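Q: Work out the full structure: start from the sequences and follow the hints.
Using full-length UniProt numbering, you'd call the opening residue of the sequence shown number 1 and step up by one each time.
Read the hints as simulated data drawn from the structure, not as lab findings. None of these values were measured; they are calculated from a predicted model. Some hints here could point you the wrong way.
[Unchecked claim] Cross-link-like lysine-lysine pairs, in silico, DSBU-like; alpha carbons within 30 angstroms at most:
1. K194 - K209
2. K218 - K201
3. K218 - K41
4. K218 - K203
5. K194 - K218
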Amino acid sequence: MSSLSQLEPRPVKSSSNTQDDIVYEHIFDAILEQRLAPGTKLSEEALGEIFGVSRTIIRRALLRLSHEQVVSIRPNRGAVVAAPSVEEARQIFAARRVVELAVTELAVEHATPESLARMRTMVQEEQDAFARGDRGTGIRLSGEFHLELAHMANNTPLLNFQRSVVSQTSLIIAQYEVGHKAHCSFNEHEELLKAIESGDKDKAVTMMKEHLDHIEAKLNLDNESASTDLHVVFSGVVKKQSGRRR
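A: Written as structure tokens, this is what we have:
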């Protein structure tokens, strides 16, 4: 069985980079990429085998995700990926609108050439992902664009809240989006960056409102298909070394 020392994760956003940080980031990314279906049971035993860590580490990562409301921990029944109801979805989008507009205003005030360049690179990577048909990576980068925008806003409480609502939105899209179109347009992202760079706060806020309208307009009660098999979801995470055993 492979261990965390054999994982090849993308750069982890956490500064401490502990074992539960790494597990947390991989599960968080699987949610952003819509590879984990809402309602999927998150077995501590299975995840421990997949990542080669103890159930205690898995439990800590799942607890962090539950604080962000993307995982539900049920007494005596374990953890599952959250599955927002239609009413909960409406409430989450309403909350996201509040935080995104506040983030956008602050981003206009705190934007730097360096942060704008970093975000434009992210937009290009997002476009490239969708162009090559890698929808999961494109969706994750779309979500991370909004998280990076919160970093630009230079407000830690807003960033923490943004992280939660962006991942919850991904779950909503996994349940209710029509078809398989990109839910977050990289063209709109680029135009939003231009408005932020120009210092036009009103235009930037208006563009963000329209952007969120477009995301929400693609939703109905149709379910997207994602896997409930943890080994399938994380098959690309663990570096397989034939013949090697722990």
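Q: Next, verify each hint and record whether it holds.
A: To see whether the hints hold, each was checked on the structure:
1. K194 - K209: The hint holds at about 16 angstroms.
2. K218 - K201: Holds: K218 and K201 sit about 27 angstroms apart, inside 30 angstroms.
3. K218 - K41: Given that 30 angstroms is the threshold and the Cα spacing comes to 27 angstroms, the pair holds.
4. K218 - K203: holds (23 angstroms)
5. K194 - K218: Status holds; Cα separation ~25 angstroms.
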